[in-house]
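Visitor: If you want the building blocks of each chain, they are given just below.
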Amino acid sequence: MAGIEVTALHKRYPDGTVAVEHVDLSIADGELFVMLGPSGCGKTTTLRAVAGLERQTTGDIRIGETLVNDLPPAERDIAMVFQFYALYPHLRTRDNLAFPLRAEGLPKREVQERVDEAARLMRLAPLLNRRPRQLSGGEQQRVALARALVRRPRAFLMDEPLTNLDAELRADMRTEIKHLQGELGTTMVYVTHDQVEAMSLGHRIAILNKGRVEQVGTPLEVYDRPASLFCAAFIGSPPMNLIEVEVADGKLRGQGGLALAPPPGLPRDRRLVAGVRPEALEVAEPGADSSVPARVVSAEWLGDEIIYVVDHGGARDVRVRMPATVRFDTDARVGLRHTGRAPAVYDVRTEELVA
Amino acid sequence: MAVSARRGRSALEIVLLTVLAVVMLFPVLWMIETSLKENRDVYAVPAKFLDFKITLDHYRDVFVSSGGGRSTLSTSFLNSVIVAGVSTVLATVLGVPAAWAYSRFALKAKKDQLFFILSTRFMPPVVVVIPIFLMYRQVGLIDSALGLILIYTAFNVPFTIWMMKGFVDEVPAEYEDAAMLDGYTRLQAFRKFTLPLLVPGIAATAVFALIFSWNEFVFAIFLTSSDDVRTAPPAIAGLIGGTTVDWGLVAASSVVFALPVLVFAYLVRKHLVAGVTLGAVRR
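Chains as they are written, first to last, in the UniProt record's numbering: chain A, 1 to 355; chain B, 1 to 283.
Take the hints with a grain of salt, since some may be wrong.
Partner residues are not named here, just some residues of chain B that face chain A (Cβ under 7 angstroms, in silico) [to be verified]: (1) 85; (2) 107; (3) 108; (4) 177; (5) 178; (6) 181.
By construction, these hints were calculated from the structure, which means they are not laboratory data.
Using N, Cα and C, we set each Cβ at its ideal position, and we do this for glycine too.
Using the sequences plus the hints, can you model the full thing?
Guide: Rendered as structure tokens:
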């Protein structure tokens with residue numbers, strides 16, 4: 001087992017596309033580290049560079065103490081799971097599992113033992129004699145995971161492994177992967193574009209955008225204080241309300257008069273935007289304490305909660321998350337107020353967190 | 001009402017298809033008949049459809065010359081086999097790895113390169129026959145099997161690259177990635193995992209390349225002159241044009257000429273169908 005150190009990674013393809021602008025990552029030994037970002041943000045390229053499937057243009061990659069820049073994938077002692085499973089179609093499950101071990105030249109008995117162990121861990125015993133095309137998507141992905149396990153690698157690299165599964169199965173597999181990683185204690189780098197997956201799996205999350213790391217942090221840090229406007233808009237469903245604010249008489253005031261608690265250390269003379277989570281706002285009876293008059297534009301009933309879209313005279317309508325018991329009709333006159341702690345505040349020009 | 005309308009249409013379809021089949025197949029049938037007739041029956045007026053004596057003399061004449069020994073036609077057939085076979089193998093050996101590379105790697109100006117490769121097929125090959133002739137004369141490739149092999153390979157490589165790229169695109173690159181993580185080099189990964197999955201596509205592509213090389217006439221007649229080098233299409237055409245034309249021999253050699261491609265396509269028909277429908281399969 002080993003940590004992974006990525007320093008000043010830059011990848012430019014011969015056709016001129018820059019997939020990774022500049023990425024520094026420090027992944028601890030035994031960590032489940034998630035790289036999250038929209039498609040084209042460079043997360044997969046970074047992962048493939050760590051695997052050795054792509055050669056970075058500049059920058060260093062260390063696995064454990066070893067500088068692996070010039071090592072072929074097989075010598076990096078890592079295992080990778082792909083979105084399309086990549087099980088060898090002509091081999092039975094048993095042989096798919098044994099394949100990397102035989103390629104390594106392990107003695108027969110050890111191959112057998114390790115295959116049995118991986119099959120037990122992933123509950124594959126009934127599937128051992130089937131070929132990939134006789135397996136469902138979920139079963140194929142379990143075989144792919146088992147194939148990564150048998151190698152006992154220093155790190156697992158996961159490239160959107162659950163994207164092709166249906167929603168229910170995806171949730172199950174998520175739990176399974178998290179459990180497995182905890183059990184084995186092996187470093188895992190997990191790439192996804194699904195924020196729910198990232199939040200529920202990761203010890204830490206790196207948010208990538210346009211080939212750069214926007215933020216690295218625990219799921220809570222990333223959720224509570226997104227480091228940039230991009231992160232603020234990317235994490236959370238619905239995402240943060242971005243409200244242009246001014247500092248006035250010790251409060252942050254948005255257009256329409258909405259007052260927010262000011263965070264300490266606000267810079268002066270800059271245009272600011274506050275990122276307010278939908279659950280940090282409240283829809284109340286009109287005229288309620290410290291509320292501004294507003295109107296319900298629409299309501300999304302999700303069963304356990306309701307997402308209200310509210311017009312309070314600001315530049316943009318805001319979204320408010322309320323318990324399902326608080327019910328207002330569309331077009332109802334209401335009061336809107338801020339209930340949470342001081343919001344994250346961003347500089348409009350640099351788009352970065354300032355307080 | 002609806003049913004009768006459908007019947008009417010299907011009857012019309014049958015009639016049309018029958019007419020089409022007759023129009024398409026009659027020349028073939030007549031060629032086969034002529035190849036089996038004695039010379040006086042070939043010229044008989046009115047033409048004899050069924051009541052003629054079958055002879056295999058013309059087929060013997062295709063392979064054996066009048067003095068005994070090998071006929072010049074049989075040499076031409078052998079030349080055709082060599083030229084078409086070697087150029088198809090060359091085009092495949094060059095084109096398949098190229099297609100793989102174009103499919104898998106990010107290359108500088110990839111689209112432009114592919115367009116350039118395709119553009120060599122925009123014009124009919126006949127257009128360049130004179131420049132090619134002059135160039136070949138300079139380098140001494142006129143009237144040589146090598147010259148024909150090179151030009152046919154040159155025409156088939158772009159076709160092979162484009163057709164095979166489609167097939168390679170269909171094979172997930174993850175197989176190779178996984179194999180590379182398992183300890184294979186990139187080339188080994190291609191050979192062991194991607195190549196076997198490409199066999200139907202290669203078969204389909206090679207058949208088309210082979211048919212092109214086998215049937216090619218214009219370059220063969222311009223670039224070759226001696227009986228030793230000449231391929232079958234110009235050799236058969238050369239049978240016509242003397243004071244008398246031995247139609248029986250022309251027909252027999254045409255039948256012999258058409259057979260190999262038919263047999264070959266029949267042998268790989270499973271791959272051909274798989275190859276043509278490969279794109280329809282969701283991975």
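Visitor: Determine for every hint whether it applies to the structure shown.
Guide: Tested hints:
Checking residue 85(B) against chain A by beta carbon gives a least distance of about 29 angstroms; that is not within 7 angstroms, so the hint is violated. Residue-level restraint check for residue 107(B) holds (minimum Cβ-Cβ distance to chain A is 6 angstroms; threshold 7 angstroms). Taking 7 angstroms as the C-beta cut-off, the interface hint given for residue 108(B) holds, the closest approach to chain A being about 5 angstroms. Below 7 angstroms, beta-carbon pairs count as interface contacts, and residue 177(B) has one with chain A at about 5 angstroms; its hint therefore holds.
Checking residue 178(B) against chain A: minimum C-beta separation of about 4 angstroms stays under 7 angstroms; hint holds. Nearest Cβ of chain A to the Cβ of residue 181(B): about 5 angstroms, under the 7 angstroms cut. The hint holds.
In this structure, the one hint that does not hold is number 1.
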